[in-house]
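Let the sequences and hints guide you as you build the complete structure.
There are 4 protein chains.
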Amino acid sequence: RDRWYEIIFEADTPAGKLFDVLLLIAILLSVLIIMLESVKSLDQEYGQQFGYAEWFFTILFTVEYVARISCARRPLQYVFSFYGVVDLLSILPTWLMFFAPVEMQSLGVIRALRLLRAFRIFKLAHMLSEASELRRAVWASRSKITVFLATVLITVVIEGTALYLIEGDQGSGFTSIPQSMYWAIVTMTTVGYGDIAPVTPLGKFLAAVIMILGYSLIIVPTGIVSAELAHPGGKKSTHWVTTQVCP
Amino acid sequence: RDRWYEIIFEADTPAGKLFDVLLLIAILLSVLIIMLESVKSLDQEYGQQFGYAEWFFTILFTVEYVARISCARRPLQYVFSFYGVVDLLSILPTWLMFFAPVEMQSLGVIRALRLLRAFRIFKLAHMLSEASELRRAVWASRSKITVFLATVLITVVIEGTALYLIEGDQGSGFTSIPQSMYWAIVTMTTVGYGDIAPVTPLGKFLAAVIMILGYSLIIVPTGIVSAELAHPGGKKSTHWVTTQVCP
Amino acid sequence: RDRWYEIIFEADTPAGKLFDVLLLIAILLSVLIIMLESVKSLDQEYGQQFGYAEWFFTILFTVEYVARISCARRPLQYVFSFYGVVDLLSILPTWLMFFAPVEMQSLGVIRALRLLRAFRIFKLAHMLSEASELRRAVWASRSKITVFLATVLITVVIEGTALYLIEGDQGSGFTSIPQSMYWAIVTMTTVGYGDIAPVTPLGKFLAAVIMILGYSLIIVPTGIVSAELAHPGGKKSTHWVTTQVCP
Amino acid sequence: RDRWYEIIFEADTPAGKLFDVLLLIAILLSVLIIMLESVKSLDQEYGQQFGYAEWFFTILFTVEYVARISCARRPLQYVFSFYGVVDLLSILPTWLMFFAPVEMQSLGVIRALRLLRAFRIFKLAHMLSEASELRRAVWASRSKITVFLATVLITVVIEGTALYLIEGDQGSGFTSIPQSMYWAIVTMTTVGYGDIAPVTPLGKFLAAVIMILGYSLIIVPTGIVSAELAHPGGKKSTHWVTTQVCP
Chain D
1 RDRWYEIIFE ADTPAGKLFD VLLLIAILLS VLIIMLESVK SLDQEYGQQF
51 GYAEWFFTIL FTVEYVARIS CARRPLQYVF SFYGVVDLLS ILPTWLMFFA
101 PVEMQSLGVI RALRLLRAFR IFKLAHMLSE ASELRRAVWA SRSKITVFLA
151 TVLITVVIEG TALYLIEGDQ GSGFTSIPQS MYWAIVTMTT VGYGDIAPVT
201 PLGKFLAAVI MILGYSLIIV PTGIVSAELA HPGGKKSTHW VTTQVCP
Chain S
1 RDRWYEIIFE ADTPAGKLFD VLLLIAILLS VLIIMLESVK SLDQEYGQQF
51 GYAEWFFTIL FTVEYVARIS CARRPLQYVF SFYGVVDLLS ILPTWLMFFA
101 PVEMQSLGVI RALRLLRAFR IFKLAHMLSE ASELRRAVWA SRSKITVFLA
151 TVLITVVIEG TALYLIEGDQ GSGFTSIPQS MYWAIVTMTT VGYGDIAPVT
201 PLGKFLAAVI MILGYSLIIV PTGIVSAELA HPGGKKSTHW VTTQVCP
Chain E
1 RDRWYEIIFE ADTPAGKLFD VLLLIAILLS VLIIMLESVK SLDQEYGQQF
51 GYAEWFFTIL FTVEYVARIS CARRPLQYVF SFYGVVDLLS ILPTWLMFFA
101 PVEMQSLGVI RALRLLRAFR IFKLAHMLSE ASELRRAVWA SRSKITVFLA
151 TVLITVVIEG TALYLIEGDQ GSGFTSIPQS MYWAIVTMTT VGYGDIAPVT
201 PLGKFLAAVI MILGYSLIIV PTGIVSAELA HPGGKKSTHW VTTQVCP
Chain H
1 RDRWYEIIFE ADTPAGKLFD VLLLIAILLS VLIIMLESVK SLDQEYGQQF
51 GYAEWFFTIL FTVEYVARIS CARRPLQYVF SFYGVVDLLS ILPTWLMFFA
101 PVEMQSLGVI RALRLLRAFR IFKLAHMLSE ASELRRAVWA SRSKITVFLA
151 TVLITVVIEG TALYLIEGDQ GSGFTSIPQS MYWAIVTMTT VGYGDIAPVT
201 PLGKFLAAVI MILGYSLIIV PTGIVSAELA HPGGKKSTHW VTTQVCP
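Protein chains in written order, with this note's numbering: chain D, 1 to 247; chain S, 1 to 247; chain E, 1 to 247; chain H, 1 to 247.
Take these hints with a grain of salt, some might be off.
Same chains, same names: a pair is fine if it fits in one copy or spans any two.
For lysine to any residue, the following SDA-like pairs were computed, each having C-alpha atoms within a straight-line distance of at most 20 Å [stated by the list, open to error]:
#1 K40 / P178
#2 K17 / T146
#3 K17 / V63
These aren't lab readings, by the way, just hints derived from the structure by calculation. Because the structure is a prediction, the values reported are computed rather than measured.
This is the structure:
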C-alpha cells in the first residue's frame with residue numbers, strides 16, 4: 001500500500017512522475033472530448049464515439065478515485081480536500097446521467113470541471129518551486145494588490161454612476177448603474193468590446209479620462225510584483241545595502 | 001468625548017477598528033442599493049423596500065455625521081475637509097428630496113458619491129503603510145509621469161488632426177478634431193471600441209503606427225514606478241553602491 | 001539684446017520661465033481654438049469669434065518669431081532648426097490664407113502643427129533632467145527595442161499572410177495581405193476594433209495564438225527599460241557588486 | 001571558396017556585412033511585391049511589372065542558394081538547416097508555377113514565407129548579443145512562463161465552459177465550448193473584438209471578473225523577465241549581497 005501511495009500521491013520517484021504525466025494526458029484528452037462534444041456538427045457525426053470515450057475515461061477516473069481513497073493515509077482528509085472534491089465532481093455527472101432521466105443530460109457539461117484536476121501539473125518537479133515562488137511574491141504583495149483593486153473598483157463605481165447620469169437617456173446602452181459599471185470595467189481594463197459606447201461629448205471626455213487612467217494604472221501592480229521578485233524581502237535588504245559600513 | 005473621538009476618528013483601538021469595518025459595510029450596502037434601484041425591473045418590484053433601506057442608511061449616516069461634528073477637536077476643520085464634504089453630500093440628497101418637489105428626484109443618484117467614503121478603508125491598519133508607500137512611489141515619479149502624459153497627449157492631438165484631414169470626408173466617423181482625438185485615445189490605450197475606425201489605406205497605416213506606439217509606450221511608466229519601488233531613493237543609493245570603496 | 005535672448009531662449013531666470021509659461025498657454029489656447037473650429041455646429045455659431053482669436057494668436061506668434069530671429073546669436077541656425085521650422089509653419093498658413101484665394105482654406109488645419117511647439121515644455125526646469133533620463137534609458141535599450149520591433153513586424157507579416165490564405169474568400173474582411181497585416185497589428189497590440197475578425201475555426205485558432213503572443217510579448221520591452229532605469233549602466237554595476245571583496 | 005564563405009555566411013568582415021544588408025533589402029522588397037500583388041486593384045494595373053520583379057528576385061535568390069550550397073563547408077547540413085529549408089521554400093513556388101498548370105497559381109502566396117529569411121537580421125553585429133541576452137532571459141524564466149501559460153489556459157477553459165452554460169441559448173454567440181474559449185482568450189488578453197459578448201447579467205459579471213484577472217495577470221510575466229534582466233543569475237547574486245559581511 002505504501003508503494004501505491006508513493007506512485008499515486010507523490011511525484012519524486014520515476015514511477016510517481018510517470019503516473020502523474022499519464023494522468024495529466026488522460027485529463028486533457030477527456031476535457032478535449034467534452035469540448036468537441038459541445039460543437040453541434042461534430043456531435044451529430046461522432047456522438048457515439050464521444051460516448052464510448054467518455055465511458056472509458058469515467059471508468060478510468062473512477063478506478064483512480066477508489067485507488068486514491070484506499071491508499072491515502074487519511075482517506076477522509078483526502079475526500080474533503082480541494083482535489084478530492086474535484087476528483088469526485090469529475091466522475092459523478094456521467095454516473096448520474098446513466099441512472100437519471102433524460103432531462104439531466106444538460107448537467108454533463110459540469111464534467112468540464114475535471115480540468116481543475118490539471119492543476120496537479122504544478123506538483124511536477126521544477127514547476128513546484130517556481131509556482132511557489134510566484135505565489136510567495138503575489139502573497140507578499142497582497143496588501144498592495146488590495147489597495148490597487150479597491151482603487152480600481154471605486155473608480156469603476158464612480159465612473160459608472162457618472163456615465164449613467166450623462167448617457168442614461170441617450171439610448172447608447174447605459175441603461176442602469178450595474179450596466180454602466182460593466183462598461184467601465186470593459187473600458188478600464190482596455191478590453192473595449194464596443195457594444196456599449198458613449199455618444200455625448202461629455203461622456204466621451206469622461207471615457208477618455210478613465211482610459212488613460214486604466215492605461216496608466218497597470219503600472220502599479222506590475223511595479224509591485226516586479227520589485228518583489230527582484231528583491232525578495234523588499235525594503236529590508238535594500239536598506240541593508242545602503243547603510244553598510246566597512247570598518 | 002475623547003473616547004468617542006478615538007472610536008470614530010481613529011483605527012488603532014479594537015473598538016475604533018470595529019467601528020470602521022461596520023461603517024464600511026454600511027457604506028457598501030447603501031451604495032449597492034442605489035445601484036440596484038437604477039435597474040428598472042428591480043425598482044418596479046422592490047421600489048418600496050429600497051426606499052425604506054435608503055431612509056435607514058440616511059438616518060444612520062446623519063447620526064454618524066452629527067456625532068463626528070460633536071466629537072471632532074476642530075469641528076470646522078472636519079466639516080470643510082475632503083471627508084467632511086463627502087459625508088455631507090452622502091446624506092443631503094435624501095433630505096432634499098424629502099422636502100423638495102418631485103422634479104428633483106433625479107438628483108438622487110448623487111448619493112452614489114457616498115462611495116467616496118469607502119476610501120476610509122485605507123485608514124485600516126496595514127493598508128495605511130502600503131497605500132502611503134505606493135503614493136510615495138507615484139509622487140517621486142511625478143515629473144516622469146508628467147513627461148509621459150505630455151508625450152501621450154501631444155501624440156493624440158497630432159494623430160487626431162492627421163486622421164481628421166485624411167478620413168474627415170469618408171463618413172467613417174472622424175467628423176471633427178475632438179472626435180478624432182477621442183478615437184486616438186481609444187486606440188492608443190488599446191481599448192479599441194470599433195465605433196470609429198479608419199477606412200482609407202493611409203488612415204489604417206497611421207492607425208497601425210499609433211497602435212504600436214501605444215503598445216510600446218506603456219513600458220515607460222511601468223519602468224519608472226518599477227524602478228522607484230525596487231530602489232526607494234533611486235539613483236542616489238545605486239550610485240552609492242557603485243562607488244563604495246573598502247579601505 | 002542679450003537680455004531679450006535670455007528671456008526668450010532660456011528658462012533659468014524668472015523672466016525666462018514666465019515667458020515660457022505664458023507662451024505655452026498661448027500655444028495651447030490657439031490649438032484649442034483650431035480644434036473647436038473643426039466642430040461644425042460650433043463653427044457656425046462662433047465662426048467670427050474664432051477668426052478674431054486666430055488673428056490675435058497669429059500676430060502674437062509673428063511678433064515672437066521676428067523677436068526670436070533678431071535676438072538669436074546665429075539667426076540662420078535658429079531658422080533652420082526643428083523649432084524654427086515649426087514656429088514658421090504655425091504662422092504661415094494664416095498669412096497664406098489671407099493673401100491666397102478661397103480654395104486654400106482647407107490648408108488651415110496645418111496650423112494644428114503649432115502644437116509641436118508645446119514640446120518646449122520639456123525645457124522647463126526639472127522636466128529637463130527627467131526627460132533626458134527617460135531618453136537615455138530608451139536610447140541605451142535601442143538595440144533590444146529594434147530586436148523587439150523586428151520580431152513584432154515579422155510575426156505580423158506571417159500571421160497576416162496566413163489569415164489572408166485561410167479567410168481570404170470568407171467575406172470576413174481579409175481582402176488583401178496589407179489589410180490582413182492591419183488586422184494582425186490591431187490584434188497583437190490588443191486594440192481589437194472588431195471591424196475585421198476571423199470566422200473560420202482555423203482562423204480563430206491562429207488569432208488566439210497571436211493574441212496570447214501579443215499579450216506576453218509586452219513583457220519584453222517593459223523588462224528592458226525597467227532593468228535599464230533601475231540599474232543605469234546595466235550589467236557592469238551589478239557585476240561589480242557581486243564580485244566585491246572586502247580586504 | 002573560403003573568401004566567398006566569409007562573405008555569404010559571416011557578418012564580421014565589411015564585405016560580409018554589406019552582403020547581408022543588400023540581401024535583407026532584396027528580401028524586404030520581394031516580400032513587399034508579394035503583398036502589393038494581393039491587392040486586387042494594384043494587381044490589375046501593375047500585374048505584369050510585379051511578374052517581372054518576381055522573376056528578378058527568384059533568379060537572384062536561386063543564384064544565392066546555389067552559391068550557398070557550393071560554398072558551405074557541409075552542404076547537406078546547410079540544406080536541412082532551418083535557413084536552408086526557408087531559402088528553398090522561398091524560390092520553389094515560382095519555379096513550380098512556371099512548369100505546373102494554372103490551378104497551382106494560388107500557391108504563390110507561400111513565397112511570403114521568404115520573410116522568414118529576414119530573421120538573418122539578427123546576425124548583424126550588435127543585434128546578436130542583445131537578441132541572445134533576451135533569449136537567455138526568456139529561457140531562464142521558462143518554468144515561470146509555463147506556470148503562467150498553464151494558469152491562463154485553465155482559466156480560459158473554465159471561463160469558456162461557464163459562459164457556454166450561461167449564455168449558450170441566448171443567441172449571443174456562445175454556440176460551443178471552443179467558441180466560448182475563443183471569446184475568453186479575446187477577453188482575457190484585453191483584445192475585445194465585440195463580435196461575441198455576454199448579454200445576461202451573470203455572464204457580464206463573470207466577464208468582468210476575467211477582465212480584471214487578465215488585466216492583473218499581465219503583471220506576472222512582466223515581473224519575471226524584468227527581475228531576470230535586472231539581476232542575471234537571479235536569487236544567488238541577491239542572496240550574496242544580503243549576506244555579505246565585512247570582517
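Hints, verified against the model:
For the homomeric pair K40 and P178, the shortest alpha-carbon distance between copies (11 Å) is at most 20 Å, but the shortest distance inside one copy (34 Å) is not. Only between protomers do K17 and T146 lie at most 20 Å apart by alpha-carbon distance; the minimum there is 18 Å, versus 37 Å within a single protomer. Taking the closest pair of Cα atoms, K17 and V63 come within 20 Å of each other only inside a single copy of the chain (19 Å); across copies the shortest separation is 52 Å, beyond that limit.
The structure agrees with every numbered hint stated previously.
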